[in-house]
Each structure stands twice: as structure tokens, then as C-alpha cells.
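In terms of numbering that gives the first Met the number 0, the sequence shown has 102 at position 103, counting the first letter as 1, and numbering is strictly consecutive.
What the hints contain is simulated information worked out from the structure, not anything from laboratory work.
Just so you know, even glycine gets a beta-carbon here, dropped at the ideal spot from N, CA and C.
One or more of the hints may lead you astray.
Pairwise CB distance ranges (calculated) [as the list claims (entries may be wrong)]:
no.	residue 1	residue 2	range
1	Gln358	Asp135	31 to 37 Å
2	Leu58	Ala346	44 to 50 Å
3	Asp183	Pro354	54 to 60 Å
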Amino acid sequence: MLPAGPPGLAPAVASGTGLTTGQVYDAEFSEAGPRHLREYLLVLYKYRWLAASCFGATLGLAVLVTVLTPRLYTAGTRLQLARQSPIKLRLEGNVLDLEESERNVNGSSSFLATQVATLKSRDLAERVIRGRRLADNDAFLHPGPDRGGLATVAGQLLTALRPRGLAASSPAAAPDRTITGSADVTPKLLDRYMRYLDVHDVRGTDLVEVRFTTPSPSLSAFLAAAHTQAYMDAAEEARLGTDSTAQDFLDRQLRESRQRVERSQAALKRFASEHPNVAINQEQKVVAQNISELSSQLTKAEGTRVTMQSRFDFLTHPASDPLAYFLDRPGVQKLHLALLDLRAERAALAARLGPNHPQMIELQHHESEVAQQLQAEVQHEVAGVRARHDAARMREDALKHKLTRLEESAI
0 MLPAGPPGLA PAVASGTGLT TGQVYDAEFS EAGPRHLREY LLVLYKYRWL
50 AASCFGATLG LAVLVTVLTP RLYTAGTRLQ LARQSPIKLR LEGNVLDLEE
100 SERNVNGSSS FLATQVATLK SRDLAERVIR GRRLADNDAF LHPGPDRGGL
150 ATVAGQLLTA LRPRGLAASS PAAAPDRTIT GSADVTPKLL DRYMRYLDVH
200 DVRGTDLVEV RFTTPSPSLS AFLAAAHTQA YMDAAEEARL GTDSTAQDFL
250 DRQLRESRQR VERSQAALKR FASEHPNVAI NQEQKVVAQN ISELSSQLTK
300 AEGTRVTMQS RFDFLTHPAS DPLAYFLDRP GVQKLHLALL DLRAERAALA
350 ARLGPNHPQM IELQHHESEV AQQLQAEVQH EVAGVRARHD AARMREDALK
400 HKLTRLEESA I
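All chains should be built: construct the whole structure from the sequences, respecting the hints.
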């Protein structure tokens with residue numbers, strides 16, 4: 000028997016015509032057919048106005064941004080920076096020669112980093128602005144591209160439609176660009192100039208690239224050339240100032256030495272007039288001492304000249320390799336290692352990229368530049384050996400001539 004339930008409810012039982020509680024039926028699934036291109040086209044056709052509106056808005060926005068975005072033009076120059084020593088004094092024990100040991104800061108030459116910082120300095124920028132009078136130049140204050148946006152296109156269209164012989168009569172159409180004077184260089188002008196400027200060194204070389212990016216191609220080229228020329232002028236002035244200081248020091252030392260020699264000769268003459276016999280013996284001793292000193296100096300000069308001559312003959316011999324001789328020099332060693340790295344990198348990429356790949360072409364161009372720099376550095380070292388050889392020979396000839404005259408005077 001079934002328990003009694005609530006009034007009006009009866010337990011569910013199975014029947015042949017309907018679903019009853021407590022029974023489970025298996026569901027059947029069928030695989031849906033693949034969608035065809037026709038269905039997608041129907042969806043696109045259904046929303047054709049929405050798709051056309053989105054496409055038109057995107058295209059119009061892209062064209063508007065392309066036309067209204069100001070164009071920027073970049074011009075650059077490359078400088079090869081090499082340390083040039085001024086007049087050197089013979090003070091081996093009192094000064095430090097920076098060329099004997101290359102100073103490195105974070106793996107890069109401190110000299111090159113110093114020159115890059117000089118090129119980026121606001122002082123050099125102010126020098127260019129004052130020297131070129133950019134504060135009064137309308138092309139620098141209000142630069143504009145040769146081909147601008149919608150306003151430029153409209154202006155060109157009006158110019159093309161203007162009748163012949165009809166020229167603009169307003170004074171604003173032909174602004175006066177005459178430079179009357181150089182205005183003060185304000186921080187705003189310096190900030191504008193520094194935004195245009197970009198200086199960086201070329202990896203693995205002694206080259207520094209100076210770039211200017213402005214809305215005008217002619218302004219970019221002008222600023223790049225002016226900035227480079229200002230840097231070269233400043234470097235030349237600094238070198239001349241150093242040479243002038245050294246020359247003044249040498250002139251002062253020479254005048255003091257001449258004055259001491261004149262005083263000594265005057266004292267010797269007074270002593271000779273007062274003591275004739277002693278003076279003759281003393282003079283002979285002085286002459287003999289001078290001959291001995293000159294002979295020792297001549298011997299050292301001959302040894303130096305022979306050493307320089309043998310070195311010069313070896314370097315100028317057709318079968319010799321000057322590069323192997325100068326590999327201990329910091330500049331030659333640095334360029335040689337950079338050239339080996341570039342050759343190894345090009346050999347590693349040659350099989351994978353091929354000779355006509357842009358990266359391979361750039362590597363070949365970079366390798367040729369480094370090879371030219373290395374050859375120039377070696378030739379510079381050879382020229383230095385030649386100059387030292389000529390100087391040693393001239394010193395030897397001068398000592399021989401002086402010794403001959405001294406011996407003749409002693410006889």
C-alpha cells in the first residue's frame with residue numbers, strides 16, 4: 000500500500016502517452032553542417048550600412064590624421080673624433096700622458112663621451128644661435144615644411160588659380176627678413192634648439208652622428224651644418240689657446256735662460272779682465288766640458304736616430320705589415336677588434352640572410368668604414384714615426400755642427 004498523501008495529489012506512474020516523473024530518456028544529437036560564404040555575405044549585406052559607415056569613418060579619420068600631421072625632416076652629419084695633443088713639454092716625471100693608457104668609463108671611451116656631451120651642451124647651442132642670429136631668423140622661430148597640410152594645399156591652389164600679373168600687394172605677403180641685430184638667447188629658444196638636436200656615437204667606431212629633426216628640410220640641413228661647424232670652431236679655439244699658453248711659457252723660460260746666460264758671460268768677462276791667467280785656464284776647462292757634454296749628447300742622438308731609421312725602414316718596406324707593429328697602440332687595437340667583430344657577425348649572418356639582405360649591406364658598409372678608419376690610424380702612426388726620425392736626424396746634424404764649431408774655437 001502507498002502512504003496517504005495530501006488531498007488532491009497522487010503518485011506519478013508511467014503511462015504510454017506522456018512523460019511522468021522519475022523516467023530518463025536518451026537525447027539525440029546531430030552534427031551541424033559547415034557554414035558557407037553565402038551566409039557571411041548575407042550577414043554583411045544585412046548590416047551593409049553599418050559596415051559602410053564604419054569603413055568610411057575609419058578611412059576619413061586616417062586621411063585626416065595623415066594630412067594634418069606635421070611632417071618632420073631629419074638631416075645629419077658624422078664627425079670622426081681623434082685626440083690631438085698640443086705642444087708637448089719634456090716633463091716625463093711631472094705629468095701624466097693620457098695617450099699611454101686609454102681611460103674607459105662603462106666600456107666606452109671617456110674622450111668620446113666627453114665630446115658627445117660637448118655636442119649636446121647648451122653652451123654650444125647658444126654659440127650657434129648667437130653666431131647665426133637664429134633669434135631674429137623667422138625660419139627658425141616659425142619653421143614650416145615645404146609641403147604642409149590642408150592650409151598649404153589650399154594656398155597652393157589659390158596661387159595656381161590667380162590670374163597672371165596679379166601679385167599680392169600687401170606688405171604681409173613679402174615679409175622683411177633683413178637681420179638687423181642679434182636678440183638675447185632666451186631659455187625658450189635654447190629648449191627649442193635642444194629638442195631639434197640628437198647626438199649619439201656610432202657603436203664600435205670613433206664617429207659621432209649629429210642629427211636635427213625639424214618641420215623644414217632646409218632648416219634641418221642648415222642646423223646640422225651650423226652645429227658641426229660651431230663645434231669644430233670651438234675645438235680649434237681651444238687647441239689654439241692651449242698652444243698659445245704653452246708657447247708663452249716656453250718664451251718666458253727662454254728669455255729667463257738668455258738673461259742668466261748674459262749675466263754669466265758678463266761675470267766671466269769681468270773675472271777674465273781681473274785675472275787673465277786664471278781666466279785662460281778656466282775657459283779651456285769650460286770648453287773641454289762643453290765638448291764632452293756635446294759628445295755625449297751626440298752619441299745619444301746618433302743612437303736615437305739609428306733606432307728611428309731602422310723602425311722607419313721596417314715600416315716602409317713593401318713586405319712589412321705596419322698593422323702588426325702598431326697593434327699595441329690603443330686606437331689601432333680598438334679599431335682592429337671592432338673590425339674583427341664586424342667580420343665575424345657578417346660571416347655568421349651570411350649563410351642565413353644572403354649578401355643582398357639590408358642588414359648584410361649595412362654590415363658591409365659599416366665594415367668598410369671601420370677598415371678605412373683603421374688604415375688611416377695606421378698611416379697616422381707611420382707618419383709619426385717618420386716625423387720622429389726626421390727630428391732625430393736634424394738634432395744629430397745640429398749637434399755635429401755645434402761640436403765642430405766648438406772644437407775649432409778651442410784650437
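Evaluation of the provided hints:
{"no.": "1", "hint": "Gln358 with Asp135: 31 to 37 Å", "verdict": "violated (46 Å)"}
{"no.": "2", "hint": "Leu58 with Ala346: 44 to 50 Å", "verdict": "holds (48 Å)"}
{"no.": "3", "hint": "Asp183 with Pro354: 54 to 60 Å", "verdict": "holds (56 Å)"}
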